[in-house]
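*Asks:* Letter by letter, the chains look like this.
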Amino acid sequence: MPRPMTTSPGMPLFHPFFVGMGGALLIAAAFTDAMYVSNSLMQWANFSAWLIAAGLVLALLATIMLLIDGLFGRAGRIRLPDLVLLGAAAILSLFNVFVHTRDAWTSVMPSGIVLSWLVAVLLLIAGLRGWRVTEIRAIRTRGTV
Amino acid sequence: MIRTLVKSTVTLVLVAALGACDTKGGDPARQYGPDPWLPEPQQYLLPPMSVPQVVGWQPGEMPTVAAGMHIQAMATGLMHPRIVYALPNGDVLVVESNGPGTEPFRPKDYIQGKIKARAGAAAKGGNRITLLRDTNGDGVPELRTVLVDHLHSPYGVAWVAGTLYVANTDAILAFPFTPGQTRITASGTKLADLPAGPIDHHWTKSMVAGPDGTKLYVGVGSNSNITENGMAAEEGRAAIYEVDRLTGTKRIFASGTRNPTNLAIQPGTGQLFAVVNERDEIGPDLVPDYLTSVKDGAFYGWPYSYWGQHVDQRVHPQNPAMVAKAIKPDYGLSSHVAALGLAFSQGETVSPRFADGVFVAEHGSWDRVPLNGYQVVFVPFANGRPAGTPIPVMTGFLAPGQKVVRGRPVGVTLDRSGALLVADDVGNVVWRVSGGAH
Chain A
1 MPRPMTTSPG MPLFHPFFVG MGGALLIAAA FTDAMYVSNS LMQWANFSAW
51 LIAAGLVLAL LATIMLLIDG LFGRAGRIRL PDLVLLGAAA ILSLFNVFVH
101 TRDAWTSVMP SGIVLSWLVA VLLLIAGLRG WRVTEIRAIR TRGTV
Chain B
1 MIRTLVKSTV TLVLVAALGA CDTKGGDPAR QYGPDPWLPE PQQYLLPPMS
51 VPQVVGWQPG EMPTVAAGMH IQAMATGLMH PRIVYALPNG DVLVVESNGP
101 GTEPFRPKDY IQGKIKARAG AAAKGGNRIT LLRDTNGDGV PELRTVLVDH
151 LHSPYGVAWV AGTLYVANTD AILAFPFTPG QTRITASGTK LADLPAGPID
201 HHWTKSMVAG PDGTKLYVGV GSNSNITENG MAAEEGRAAI YEVDRLTGTK
251 RIFASGTRNP TNLAIQPGTG QLFAVVNERD EIGPDLVPDY LTSVKDGAFY
301 GWPYSYWGQH VDQRVHPQNP AMVAKAIKPD YGLSSHVAAL GLAFSQGETV
351 SPRFADGVFV AEHGSWDRVP LNGYQVVFVP FANGRPAGTP IPVMTGFLAP
401 GQKVVRGRPV GVTLDRSGAL LVADDVGNVV WRVSGGAH
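Heads up: the protein sequence lines correspond to chains A and B, in order. Position 106 (the first sequence) corresponds to 106 in our numbering; numbering is contiguous. Position 193 (the second sequence) corresponds to 193 in our numbering; numbering is contiguous.
Since the hints were derived computationally from the structure, they do not count as laboratory data. From the three backbone atoms N, C-alpha and C, an ideal C-beta is built for every residue, glycine too. Some hints could be false.
[Said to hold, decoys possible] From the structure, some residues in chain B lie toward chain A, with a derived Cβ separation under 10 Å:
no.	residue
1	Gln43
2	Tyr44
3	Leu46
4	Pro47
5	Arg106
6	Asn225
7	Ala233
8	Arg279
9	Phe299
10	Asp312
11	Gln313
12	Val315
13	His316
14	Pro317
Work out the full structure, taking the sequences as your base and the hints as a guide.
*Replies:* Put into structure tokens, the structure is as follows:
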């Protein structure tokens, strides 16, 4: 009589770490933007520009890691809502990094900070959902139960 | 579903990005004179950057001058020449210089620096003053020596009563000097500090001696385009200083002048004039650079407003009291021409058309489509004030098609014979334009 099939958790995914780290930077930019709006000190707007630029670099790394997860067979089914949330956050941030190249006040007010907070909300939801766009592929083994 | 969503978002982004940089500049002629056309300011998504590639002058190539005038290269192979200055004995000083370099604050600064470098802005300056001696006045110097070396981003020079004043980016130095000397060995003494680092965005310190020789006037540029390096960095900047030649005591003579790149005293009246470069990144036709007589105590708007009471929304906190104080400059030269050179004509030495007025060198735009400037113009005067439209004197710095740049004019002056000398910091040449009689 054949032994029953069981599943066990597979190898960890690579991409969520990069999604989470980039997400944290982009969320931080919403706060540095808010600081600039409240005190008009340019250094806060400079922080925002760097945070968003770095967040986008990590978004690119996360995309590469997602492909690697796929190639190594670690990724399971795509989680559509998370892909949409994170994709939208990345595209809005691309806009935002250009808005932040403007000089002084208009680099943040009004469109820069609106974009930053929109991105922060999207990322907050994505974060609470687990910072990942795929399921972990379960490994099926012949159980010994 | 996702594909459609992504596709439409990407299209939206591209359309917005392209739309933002699609705005082309209008006819510069609409912005000449005392009442220039001023469009509504715009905000860019991508910073406006449009610089032609530097190729330099190929053998046989020269700037174009009008019929009846003669052009020749008086000196070549210089190290980023910026200012030319004629001494009473006919010797010509060439200030070879570039900025001390600034640390980037933002990701944008890296990219913008790289693109401007493409236009030759990053070439190393000589940090020295070269002397050219042309005894027989044929425009070919018989002697060329390094007069002073190891300066710190020098720009303006003025010789008064046995002393050569050199405006380094951080201080005015005084050297004992008698025209005829070909080498200064004495180390200069510091007359006065000038606002400089650590950012030093507009590093040039233009300088001219006042009509009675007791005062020096020094142009100090802003430390940013429009306060993006913080308000604290603008302390004492964007102003024209009056410095006592003997004591070094200085006071702000006029303020709100974003980048007063050159100063000149009007012959006869003794009135101080300046060319000033205005702010960037609110449109291809904002804000016109200008030529103006400089009034004692006047405020010309930067950063809060431009051309009188046109408020700049990028400055925060705003200052309505200062906006109310801002006066309009005399004469618009059109936007982004980067007027750097200024010299009064001295009669009909270059051409009968250029008897009364100023020569203005326009270094050329880096953020405007189509490009603007890249020429030397003559602004005619009537009754001691600029009047009429600028007349091109030297063109051809930009090759036809606006794709490559051969040279960029900076400082201008007249030599002893009345010929026009023009420093070209991309061609590394000093050009000499003489009238038919010379």
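*Asks:* Now look at each hint and say whether the structure bears it out.
*Replies:* Status of each hint after checking the structure:
Annotation: interface hint on Gln43 of chain B holds; nearest CB of chain A at approximately 6 Å, less than 10 Å. For Tyr44 of chain B, the shortest C-beta to C-beta distance to chain A is roughly 7 Å, which falls under 10 Å, so the interface hint holds. Given hint, Leu46 of chain B at the interface with chain A, holds; its Cβ is 6 Å from that chain's nearest Cβ, closer than 10 Å. At its closest, the beta carbon of Pro47 of chain B sits 5 Å from a beta carbon of chain A; the interface hint therefore holds under the 10 Å criterion.
At about 5 Å, the closest approach between the beta carbon of Arg106 of chain B and any beta carbon in chain A falls short of 10 Å, and the interface hint on this residue holds. Hint on Asn225 of chain B holds. Least Cβ distance to chain A is approximately 5 Å, under the 10 Å limit. Because the closest C-beta pair between Ala233 of chain B and chain A is about 9 Å apart, less than 10 Å, the hint holds. Look at Arg279 of chain B: its Cβ gets to within about 9 Å of chain A, closer than 10 Å, so that hint holds up.
Because the smallest distance between the Cβ of Phe299 of chain B and any Cβ of chain A comes to about 19 Å, over 10 Å, the interface hint for this residue is violated. With its C-beta approaching chain A no nearer than about 9 Å, Asp312 of chain B sits inside the 10 Å limit, and its interface hint holds. Given the 10 Å rule on beta carbons, the hint for Gln313 of chain B holds: about 6 Å separates it from the nearest Cβ of chain A. Given the 10 Å rule on beta carbons, the hint for Val315 of chain B holds: about 6 Å separates it from the nearest Cβ of chain A.
With a cut of 10 Å, the hint placing His316 of chain B at the interface with chain A holds, because the nearest CB-to-CB distance is about 4 Å. The beta carbon of Pro317 of chain B comes within 6 Å of a beta carbon in chain A, closer than 10 Å, and the hint placing it at the interface holds.
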